[in-house]
Amino acid sequence: MPLTVRRPTEPGPHSSLSSALTPPPNPKPLITASEMFPALEKLVLSAQSEVLLAFRIFDASTKLRSPEAKDLDLTSWADLFAHTAKRGVTLRLLLADFDPVFAADLHRAAWISAGRFAARINDAPNVEIICALHDCTPAPLWSQVFAPQIRKRRALLRAKPHEHLTQAQLRALKGPYQLRPITLHQKFALIDQTTAIIGGIDVDERRWDDHDHDQRPEDTWHDVSMLVSGGITADLRRHFSQCWDRARDGCGTVFSASVSPVKNPLDQSDSNTLKTSESQDKPTTHSRMSLLRTVSTHAKGPFRFGPVTQIREHETAHLDAFAKAKRSIYIETQFLRHMPLAHALAERAKEVPDLNLILVLPTEPERVIFGGSTGMDARHAQALQMRCLALLRRAFEDRLAVVSPAQPRPAPNGTPMPVAGSGIIYLHSKVTLVDDQVGIVGSANLNGRSLTWDTEASVRFHDPKVIQDLRKRLANKWLGDIQQQTDPRGFEQAVFWNNAAKDAERTPPQDRETMILPYPETRNRRFARYIPILPAAMF
Numbered sequence: 006m007p008l009t010v011r012r013p014t015e016p017g018p019h020s021s022l023s024s025a026l027t028p029p030p031n032p033k034p035l036i037t038a039s040e041m042f043p044a045l046e047k048l049v050l051s052a053q054s055e056v057l058l059a060f061r062i063f064d065a066s067t068k069l070r071s072p073e074a075k076d077l078d079l080t081s082w083a084d085l086f087a088h089t090a091k092r093g094v095t096l097r098l099l100l101a102d103f104d105p106v107f108a109a110d111l112h113r114a115a116w117i118s119a120g121r122f123a124a125r126i127n128d129a130p131n132v133e134i135i136c137a138l139h140d141c142t143p144a145p146l147w148s149q150v151f152a153p154q155i156r157k158r159r160a161l162l163r164a165k166p167h168e169h170l171t172q173a174q175l176r177a178l179k180g181p182y183q184l185r186p187i188t189l190h191q192k193f194a195l196i197d198q199t200t201a202i203i204g205g206i207d208v209d210e211r212r213w214d215d216h217d218h219d220q221r222p223e224d225t226w227h228d229v230s231m232l233v234s235g236g237i238t239a240d241l242r243r244h245f246s247q248c249w250d251r252a253r254d255g256c257g258t259v260f261s262a263s264v265s266p267v268k269n270p271l272d273q274s275d276s277n278t279l280k281t282s283e284s285q286d287k288p289t290t291h292s293r294m295s296l297l298r299t300v301s302t303h304a305k306g307p308f309r310f311g312p313v314t315q316i317r318e319h320e321t322a323h324l325d326a327f328a329k330a331k332r333s334i335y336i337e338t339q340f341l342r343h344m345p346l347a348h349a350l351a352e353r354a355k356e357v358p359d360l361n362l363i364l365v366l367p368t369e370p371e372r373v374i375f376g377g378s379t380g381m382d383a384r385h386a387q388a389l390q391m392r393c394l395a396l397l398r399r400a401f402e403d404r405l406a407v408v409s410p411a412q413p414r415p416a417p418n419g420t421p422m423p424v425a426g427s428g429i430i431y432l433h434s435k436v437t438l439v440d441d442q443v444g445i446v447g448s449a450n451l452n453g454r455s456l457t458w459d460t461e462a463s464v465r466f467h468d469p470k471v472i473q474d475l476r477k478r479l480a481n482k483w484l485g486d487i488q489q490q491t492d493p494r495g496f497e498q499a500v501f502w503n504n505a506a507k508d509a510e511r512t513p514p515q516d517r518e519t520m521i522l523p524y525p526e527t528r529n530r531r532f533a534r535y536i537p538i539l540p541a542a543m544f
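Throughout, this note's numbering is defined as the position within the sequence shown, counted from one, plus 5.
Heads up, a few of these hints could be off.
Unchecked claim - Below 35 Å or equal to it, Euclidean Cα-Cα: the simulated DSBU-like pairs (lysine-lysine) are:
1. 305 x 331
2. 179 x 305
3. 68 x 47
4. 470 x 507
5. 47 x 482
6. 482 x 329
7. 179 x 331
8. 33 x 305
9. 355 x 33
Stated by the list, open to error - Per label pair, the in silico range of CB-to-CB distance:
10. 128 x 160: 14 to 20 Å
11. 77 x 164: 39 to 45 Å
12. 321 x 262: 37 to 43 Å
13. 313 x 157: 27 to 33 Å
14. 422 x 516: 17 to 23 Å
15. 535 x 124: 43 to 49 Å
16. 167 x 198: 39 to 45 Å
17. 77 x 325: 41 to 47 Å
18. 331 x 396: 17 to 23 Å
19. 535 x 474: 50 to 56 Å
20. 372 x 72: 24 to 30 Å
21. 265 x 399: 52 to 58 Å
22. 117 x 324: 37 to 43 Å
23. 128 x 66: 18 to 24 Å
Calculated directly from the structure, the hints in this document are not laboratory data.
We put the beta carbon where it would ideally sit given N, CA and C, even for glycine.
With the hints as extra help, turn the sequences into a complete structure.
The following block contains the structure:
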């Protein structure tokens, strides 16, 4: 049956839930999927007029966890989409697409999910879905350079039943094919132009985990997002509008009946063309929060491979924050491979003799730990990180702590790449906290790809209480009761983290009181292979 669509301005049946979700006075951290997933569900259920979603991965079959969704007999995100559509809420999903040949599995999963969402909305005019590639394509020269790999991957596609391939994959088999090395990596949701969730986590069952991480190591996932409101939401909506228009105008596949511009509520303009300079399109800087973006576009030239970086606010914000650090910097990141940031940190270490740096990193990338990748691209990526860490160790010496999350229990038989007898906790978060002055949480890793190539979005905040509370929550998580036994700012000292990690390494896994171990540099150095001809921004 066709959907019954009300005017978006008409109050929906969940107004009581909306009033219960009064926007927080400060940005609120959401740590792991056990906090973020239910919060996102509640926000969408509370929506009265508009839901905008921009995610790298958003699986329509992901289970719903909130009591509010279960009370309505909704079991999956596809159900929640259909429910939202029936209420007359305008809903737009901008889902990242991937290279159909080199990232065949990710590409197919994105199209399957977009198709499942589209099937449930039944061409409702208030719901629009785009699965979008980045518009950057390398120069034709690179198709010749990668010709052997392209032939190999095309052969793998041809070996599959053609009914299992997407239209884009079939086109790549039959005719010209262009590499797509860049992607939309951002992850945020904006509800009714007033409240948003922005961070590092996508929505699928792989990402589901809680604070205990009491499951198979390959199923663990630590991530951080922020629930925000206020003036930043206008900037986030404008950013979504620009990304949406780029996808709508040529690099996106439409899965809904139609798509339309996301109009600016201030001037109702249909023109949201992305400016070519960061200074021409600078988000409003609010006293407490501001939006950070990375945006790039197609580059010209016979030898070009990567894009032209148009907006590099993530890189600039980190450089500015590091240059003003006085006491302690805390970083959680999936990757630390960007040498300009490492140089900035090292320089500040020389200027401020008491500055401490705490780095929380996964032991290795997910593709290496759980995917078994040993290719030269994976080895080169780790080499970039090892070079950054070597520079930081020389600069900070004993004022640097580099630790990795691990389960406080023995690793089951067959666990991939255990550390000191424990399975790892996979860390995917992107958090930077500088003293009590600057906090950054979002989608951008500290690597060249996130800071100069991929489309990224994060929130920067300056509220000392929010920064200190988030730092304490994360310290409590990794250090447990040990953290609470020290002085109020003991967890800002590298020596404290190093001692806790080394004590845990000497303790049997089942007796450990912490979830951190020393970062396994020795095995990462053995794995790493630096290849000068590969651009660092790719990794």
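- Message: Need the status of pair residue 482, residue 329: alpha-carbon distance at most 35 Å?
- Response: holds (27 Å)
- Item | Range hint compliance [Cβ, residue 535 to residue 124, 43 to 49 Å] | At 47 Å between Cβs, range holds.
- Query: Does the Cβ-Cβ separation between residue 128 and residue 66 fall within 18 to 24 Å?
  - Reply: holds (21 Å)
- Query: Has the given pair, residue 179 with residue 305, been kept, meaning a C-alpha gap of at most 35 Å?
  - Reply: Distance of about 26 Å is within 35 Å: holds.
- Query: Is the hinted pair residue 305 and residue 331 satisfied, with a Cα-Cα distance of at most 35 Å?
  - Reply: violated (42 Å)
- Take the C-beta atom of residue 535 and the C-beta atom of residue 474, compute their distance, and say whether it sits inside 50 to 56 Å. Distance hint for residue 535, residue 474 is violated at roughly 40 Å.
- Message: Taking 27 to 33 Å as the stated bounds, is the beta-carbon spacing between residue 313 and residue 157 within them?
- Response: holds (30 Å)
- Given pair status - residue 33, residue 355, alpha carbons within 35 Å: Holds, because 34 Å separates the two Cα atoms, which is no more than 35 Å.
- Task: With 17 to 23 Å as the target window, see if residue 331 and residue 396 comply at their CB atoms.
- Result: holds (21 Å)
- C-beta pair residue 77, residue 164: status relative to the range 39 to 45 Å that was hinted: holds (44 Å)
- Message: 14 to 20 Å was suggested as the range; check whether the CB atoms of residue 128 and residue 160 agree with it.
- Response: With Cβ atoms ~37 Å apart, the hint is violated.
- Query: Do the alpha carbons of residue 68 and residue 47 lie within 35 Å of each other, as the hint requires?
  - Reply: Holds: residue 68 and residue 47 sit about 14 Å apart, inside 35 Å.
Hint check: violations occur at hints 1, 7, 8, 10, 19 and 20; the rest are consistent with the structure.
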